[in-house]
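K.L.:
Here are the chains, one letter per residue:
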Amino acid sequence: MTAPRSWWKVRPGQLSASVALLPLAMIVLVAYAGTVLWSLRVSLTDARTFPSDVYVGLAQYERLFHNERWLLSLNNLALYGLLFIGLCMVVGLLLAVFIDQKVRGEGLLRTVFLYPYAMSFVATGLVWQWLLNPELGLQNAVQTLGFDGVQIDWIVDQDKVMYTIVLATVWQASGFVMALLLAGLRSIDAQIWNAARIDGIPTWQVYVFIVLPMLGESIATVFVLLLTATVKLFDAVVSMTQGGPGNASEVPAKFIMDHLFGRANLALASAGSVVLLLSFLALVAPLFYARSRYQKRVGHP
Amino acid sequence: MLKFARLAALTFALGSAHAAGPKAEVIHWWTSGGESAAVKTLADAYISAGGVWVDTAIALGEQARAVAVNRILGGNPPTAAQFNTSKQFLDLVEQGMLNPIDNVAQQQGWDKLLPETVLSVVRVKGHYYAAPINIHMPTWIWYSKAAFKQAGIATEPKSVDELFAALDKLRAAGLVPLAHGGQPWQENIVFTAVLANVGGTELYLKVFRDKDRQTIEGEAFKKVLLSFKRLQSYTDKGAPGRNWNDATSMLITGKAGVQIMGDWAKGEFAQARQSPGKDYGCIAGFGAKSPYIIQGDVFVFPKTNDPQAIKAQQLLASVMLTPATQVAFSNKKGSIPVRTDVDNASMDLCAQQGLAIMKDKSRQLGNGEIYMSPDQNGALTDILTAYWNKNLPVEKVQKDIAAALKN
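Chains as they are written, first to last, in my numbering: chain A, 1 to 301; chain B, 302 to 708.
A hint or two may mislead.
Once the Cα atoms are required to be at most 27 Å apart in a straight line, the calculated BS3-like pairs of lysine-lysine come out as [said to hold, decoys possible]:
#1 B:Lys579 x A:Lys254
#2 A:Lys254 x B:Lys707
#3 B:Lys388 x A:Lys254
#4 B:Lys660 x A:Lys160
#5 A:Lys254 x B:Lys660
#6 B:Lys538 x A:Lys160
#7 A:Lys160 x B:Lys388
#8 B:Lys691 x A:Lys254
#9 B:Lys579 x B:Lys697
Pairwise CB distance ranges (calculated) [claimed, not checked]:
#10 A:Leu37 x B:Glu395: 22 to 30 Å
#11 B:Trp486 x A:Leu37: 33 to 41 Å
#12 B:Lys590 x A:Leu138: 33 to 41 Å
#13 A:Val54 x B:Lys579: 51 to 59 Å
#14 B:Gln533 x A:Leu283: 35 to 43 Å
#15 A:Leu114 x B:Val368: 50 to 58 Å
Which bits of chain A does chain B cover? Going by a derived footprint, with three or more residues having C-beta under 8 Å, they are [claimed, not checked]:
#16 129-141
#17 246-260
Don't read these hints as lab results, they were simulated from the structure. Positions of the beta carbon are idealized from the N, C-alpha and C atoms, including for glycine.
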């Protein structure tokens, strides 16, 4: 009777590889899992400036979900996420398809589209802020040209300010989405295009019914990256509106940062970050599960 | 070659200075032009008292305080660290992470010297944990003389009603009545000014210090909130998100009439070569009993057992409170000294006015942060900024404030 092969019994050749990976494993365990557990622990205490050992159960979570600014932040994030991810996907895909037509000056255009992503949003956010400011920016410029009726004042409007942040961040990220999807498009076998051409299928139908489904993997990757960008949305808000006017463009990451340092409330900030992590996992876990199921079915490693 | 010689000379100078006296590494967030000029007067005073000053300037108060706390926790504390005159460092005191400076306080007689409000912050359970360096008054009402003239306002407003009347006239003249920077902390300042001037000292303390639920939900406080909201109608469309100094420059150029802001705004006027009394006016408050709101900066001294470092901490604390340092520092910073027994000849008109008010103890009052924890102050700010920017029923705002300040 043979003993079941244990996970710790490694072949000699694998030993050095395992040792080499050890530092990485330690970093993952300590720096990622460890800090997550630490935040979880702190969120159950009454910590203010310093960590504390007095446990208060779920009191911080209760306070969090009675806090109007936090609830508004979650609302804003949901609205932002839907629009930002949706628009980035659409614009990025259209740009990728456009470049895929073997247009002239492809290299130049690719650089132009990708350029916003290469710049720090702290800087470009300020430019957006000036552009959208009704007294200094576009509105003023257009009105001095004689178009008095034109109003570009969304950034100071309670109900529309989130859309300006969507606009600015889509401008920044869609070039990046384009680059990823273009790589996906280029990896599609030329045979497929030839076959479609022989069958006389219109180009747009090839894209929609054949190419797009084949881009599934790339799109899933883009989705996860955009979702990450959504959850950690902070610099765009801080540089464009600082959460204003009033609390209208507050987001969870800013709530957490404000409470972590300025307001010396470690526990409430930790509770916020735990909630944020859990909701992120709730969105991403099904995706990864479906992906691994799919990969097993089609026989990828 | 010359470079090398200079370097050698510099090293020598630093080396010999090190031998000369106690070395103090000071963390602060004074990085703008006027601010660093102010901190230089502090360093000069310390150096001429025989010490060696090591400057660690970190932009943004929040950031500087976070670095100080992290270094204290990490066992590599600075000699001194800047905080605001507030409860920001109370947790540090309670955790036993600061050195008291009791003998300096006793030698200089802080109990008699310092305003009660400042004492209540630096003295915890009979020990002294922070050296106050200045007093800022956050709720000055500034006005542009040019704008007032254009709107036909002959005399400075003497009451809240007259202020509103002046704002109406400014609007009628096509000017921006109230130059406002629409950021939460600035809305908090406007609110504090309204609470002090419309509500009065008693109501102010009932709300900020006692956090009395009945008062907060009462009629007098409702009137304060409504006046606060009324001020919002005098701002322009570009206000949201505007920086305070951009709002001040609207006064400097005569585009706007009034701004409610701390005395650091004087620095902006000074840079534009405008002087108080001539180009702009400053009103501390309305009426003979109007309170002078105290805000300011202190230095705390993190715990250490190194006798040399303790010596530096003591020397630093005593230098900071000497009259000459206090005046020199505040003249650059735009604040006023924490002690009123100083020579006011070199101060500007507004500072002199402030110092005169400060001599009446009954008119001294702390700003919100002196009575509330950073967390409570933040929660209050969230509610106020929402009320300022949105149409909310005032009763709901009263209820929310009462809940946020519940101990």
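K.L.:
Are the hints correct? Go through all of them and say.
P.N.:
Results of checking the hints against the structure:
Taken as a hint, the Lys579 (chain B) and Lys254 (chain A) pair is broken in the structure, with Cα atoms around 43 Å apart against an allowance of 27 Å. At most 27 Å may separate the alpha-carbon atoms for a hinted pair to count; Lys254 (chain A) and Lys707 (chain B) meet this at roughly 24 Å. Simply put, Lys388 (chain B) and Lys254 (chain A) have alpha-carbon atoms about 23 Å apart, close enough for the 27 Å limit, and the pair holds. Taken as a hint, the Lys660 (chain B) and Lys160 (chain A) pair is broken in the structure, with Cα atoms around 50 Å apart against an allowance of 27 Å.
Simply put, Lys254 (chain A) and Lys660 (chain B) have alpha-carbon atoms about 42 Å apart, too far for the 27 Å limit, and the pair is violated. For the suggested pair Lys538 (chain B) and Lys160 (chain A), the alpha carbons sit about 14 Å apart, so the restraint of at most 27 Å is met. With a C-alpha separation of about 37 Å, the suggested pairing of Lys160 (chain A) with Lys388 (chain B) is violated against the 27 Å cut-off. A threshold of 27 Å between alpha carbons decides the hint, and for Lys691 (chain B) with Lys254 (chain A) the separation of about 20 Å falls inside it, so the pair holds.
In summary, the hint linking Lys579 (chain B) to Lys697 (chain B) is not supported, as the alpha carbons are separated by about 44 Å, beyond the 27 Å threshold. The given range of 22 to 30 Å is respected by Leu37 (chain A) and Glu395 (chain B), whose C-beta atoms sit roughly 27 Å from each other. The beta-carbon spacing between Trp486 (chain B) and Leu37 (chain A), approximately 35 Å, falls within the hinted interval of 33 to 41 Å. Checked against the given bound of 33 to 41 Å, the beta carbons of Lys590 (chain B) and Leu138 (chain A), roughly 49 Å apart, lie outside it.
Separated by about 58 Å at the C-beta atoms, Val54 (chain A) and Lys579 (chain B) satisfy the suggested range of 51 to 59 Å. Evaluation of the 35 to 43 Å hint for Gln533 (chain B) and Leu283 (chain A) yields a pass: the beta carbon distance comes to about 39 Å. For the hinted restraint 50 to 58 Å between Leu114 (chain A) and Val368 (chain B), the CB-CB distance of approximately 36 Å leaves it violated. With a cut-off of 8 Å between beta carbons, the region 129-141 of chain A has 5 residues touching chain B; three or more are needed, and the interface restraint holds.
Counting residues of the region 246-260 of chain A whose CB lies closer than 8 Å to any CB of chain B gives 5, so the stated coverage by that chain holds, three being the minimum.
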